[in-house]
Amino acid sequence: MLTIALSKGRLAEKAIVLLENAGYDCTAAKDESRKLILEDEKAGLRFIMAKPADVPTYVEYGAADIGFVGKDTLLEEGRDLYEVADLGFGKCRMCVAGPVDLKDGKLDLIPNKRIATKYPNITRAYFEGVKKESVEIIKLNGSIELAPLIGLADCIVDIVESGRTLKENGLDVIETVADISARVVVNRVSMKMKSSEIKPMIEKIKEQIALL
Amino acid sequence: MIDAKFYTADGFTDTLPGICAFKKQTERKLEELFRLHGYSQIETPGIEYLDIYSRPGFVPEQNLYKMTDQKGRLLALRYDGTIPAVRYAAGIKDFDPASLPLRLCYIENMFRFADSGGGKQNEFTQAGVELMGADGADADAEVIALAIKSALSAGIKDLQISIGQVRLYDGIAKQVGLGDTDREVIRNAISSRDTVTIEKTSDQLGLDKNQKELLLMLPDAQGTYDIIDAFRAKVTEKEALDALDNLKDILDALDEQGFLKYVSVDSGLLGGSIDYYTGVIFKGYTYEVGFPIISGGRYDNTVAVFGRQMGCVGFSLSLTLTLTALLRQGVSMNETPCDVVIGFKNGFRGKAYEEAKKLRDEGLAVIIDTTGKSKDELNEYAGKQGIGRALYVEGE
Numbered sequence: 002m003l004t005i006a007l008s009k010g011r012l013a014e015k016a017i018v019l020l021e022n023a024g025y026d027c028t029a030a031k032d033e034s035r036k037l038i039l040e041d042e043k044a045g046l047r048f049i050m051a052k053p054a055d056v057p058t059y060v061e062y063g064a065a066d067i068g069f070v071g072k073d074t075l076l077e078e079g080r081d082l083y084e085v086a087d088l089g090f091g092k093c094r095m096c097v098a099g100p101v102d103l104k105d106g107k108l109d110l111i112p113n114k115r116i117a118t119k120y121p122n123i124t125r126a127y128f129e130g131v132k133k134e135s136v137e138i139i140k141l142n143g144s145i146e147l148a149p150l151i152g153l154a155d156c157i158v159d160i161v162e163s164g165r166t167l168k169e170n171g172l173d174v175i176e177t178v179a180d181i182s183a184r185v186v187v188n189r190v191s192m193k194m195k196s197s198e199i200k201p202m203i204e205k206i207k208e209q210i211a212l213l
Numbered sequence: 083m084i085d086a087k088f089y090t091a092d093g094f095t096d097t098l099p100g101i102c103a104f105k106k107q108t109e110r111k112l113e114e115l116f117r118l119h120g121y122s123q124i125e126t127p128g129i130e131y132l133d134i135y136s137r138p139g140f141v142p143e144q145n146l147y148k149m150t151d152q153k154g155r156l157l158a159l160r161y162d163g164t165i166p167a168v169r170y171a172a173g174i175k176d177f178d179p180a181s182l183p184l185r186l187c188y189i190e191n192m193f194r195f196a197d198s199g200g201g202k203q204n205e206f207t208q209a210g211v212e213l214m215g216a217d218g219a220d221a222d223a224e225v226i227a228l229a230i231k232s233a234l235s236a237g238i239k240d241l242q243i244s245i246g247q248v249r250l251y252d253g254i255a256k257q258v259g260l261g262d263t264d265r266e267v268i269r270n271a272i273s274s275r276d277t278v279t280i281e282k283t284s285d286q287l288g289l290d291k292n293q294k295e296l297l298l299m300l301p302d303a304q305g306t307y308d309i310i311d312a313f314r315a316k317v318t319e320k321e322a323l324d325a326l327d328n329l330k331d332i333l334d335a336l337d338e339q340g341f342l343k344y345v346s347v348d349s350g351l352l353g354g355s356i357d358y359y360t361g362v363i364f365k366g367y368t369y370e371v372g373f374p375i376i377s378g379g380r381y382d383n384t385v386a387v388f389g390r391q392m393g394c395v396g397f398s399l400s401l402t403l404t405l406t407a408l409l410r411q412g413v414s415m416n417e418t419p420c421d422v423v424i425g426f427k428n429g430f431r432g433k434a435y436e437e438a439k440k441l442r443d444e445g446l447a448v449i450i451d452t453t454g455k456s457k458d459e460l461n462e463y464a465g466k467q468g469i470g471r472a473l474y475v476e477g478e
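Chain order of the listed sequences is A and B.
Just so you know, we're using my numbering here: the first sequence kicks off at 2 and counts up by one.
Just so you know, we're using my numbering here: the second sequence kicks off at 83 and counts up by one.
These are calculated hints, taken from the structure and not from any lab test.
For clarity, every value in this text was computed on a predicted model and none was experimentally measured.
No more than 30 Å apart at the CA atoms, straight line, and that leaves these computed lysine-lysine pairs for DSBU-like:
1. 195(A) - 330(B)
2. 119(A) - 202(B)
3. 133(A) - 114(A)
4. 193(A) - 282(B)
Across the chosen pairs, the derived CB separations fall in these ranges:
5. 18(A) - 334(B): 44 to 54 Å
6. 198(A) - 339(B): 28 to 38 Å
7. 44(A) - 149(B): 48 to 58 Å
8. 96(B) - 101(A): 53 to 63 Å
9. 237(B) - 35(A): 34 to 44 Å
Selected chain A positions facing chain B (Cβ under 10 Å, derived; list incomplete):
10. 62
11. 81
12. 87
13. 184
14. 188
15. 191
16. 192
17. 193
18. 207
Ideal placement from N, C-alpha and C gives every residue a C-beta, glycine not left out.
Produce the complete structure using the sequences and hints provided.
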């Protein structure tokens, strides 16, 4: 029996389609009920529906063998996992964004800038590790774009898909921190102890990715 | 008392009766196992100078419990068994090279912030050995075999040992011509089995098909002799070839002891810190815990940091994780009741003591009633507590 942790929402739906195409019976996972654990004994699969940010935790502790989760969450959580495949969907960018007049290097001129984000770890790693500067990080939980508009922060670090929300609020992408897409992660022990089930699954998932 | 705290500090927990009895019994088994293999048990202080641990590549400093002594010197709680053993070995005054190798073992509690050694508990028990001043595959195999025996004697049945060799990657990186930065990027990608990054980086560097295939083999290859042969067909750098010879010799030595069934070669096992491990590296896994229960490897450069060159290899078994695994695998660790409860009629206390001593000498666990129970009450009590026998002393 393999336990698979899915991020509730669109990522879960896409992951299920991919697994079905790979030949796994995911009828259980498509249960529309509010059950959090969906088990199919015959298929040898058990799905758990978790909040995206919690998927790496379930997998790291071995409560789930495999997880489908965005790279943004993996970067932010920094868990000790095997990251075995890039699913190629859920593509977006982790960006530094702010008022348009901060583009073309102007951002770098602000000392000790204040940055609002849902991703404090990614933000710290980027500014301290890559850009070698001290910043003040303000953790927010949503509508990050508000922060520079209202004067709470100089800029933000957030996920950007189309950039429409930014544009409509007079903001723009200033720098790209990382490319994001959905990933398959595996617990380090499961990879060994259940390798006869997990390895073929990874291979089949990779075959499906190649077809996308 | 006002505001009494009835809970334990964050990351710490009690080992309850039953589980504790099982744990102590396991510790005794391991001590005996180590003794039978010629290892001398040592106890090192619970507190060391921070400096001992905070050398580059040793321990992530934020994971150490730090404090100061009354002179303001920085101290750290015991983080592992290896570094204190290294400090000891490097500092032996009447050091006689002919006495090498040193065989040391320990069973101690370790203190770490949010580390996986205890399954995210901040205090956990490790049993381990250090074979110090010994080079070569026979020494490596001795320690790996002892790791296997330790897990088995603790009661683990489903055991998987993965063996890697950090020199294999070092040699391959040289062969492929990776610079320092790329070597690190690919090393991390191999460690997290991230083939995407390996492919991307190889393409960026313009590596040819063979070089790329060789790098991609590292995170994926698992097997025994077949893996070694597969690498041997592609590897030319001496360092990597030596690593393969070392792995083959280790497998041979484990095979001669019937341990090959527990073992597989995992060329993607490279260790967390860059320069700590210098040769063989291994991890042990079982069902029902998401973290390895065994961790070990060769660390030839560590004692030298303290001024004495000594090739060393060692392992540690997390007893805490092992017990968690056994509990989840259905091993019962219920508290066993006493064998006998003795009560006595007024005036026969001395006789009761005598009876108790006799039974205890036979190895039975005996409690003597201190609450003045009557014969009937004593029988009822024994029945309820699951004590096999109630003995009421009321005459000579």
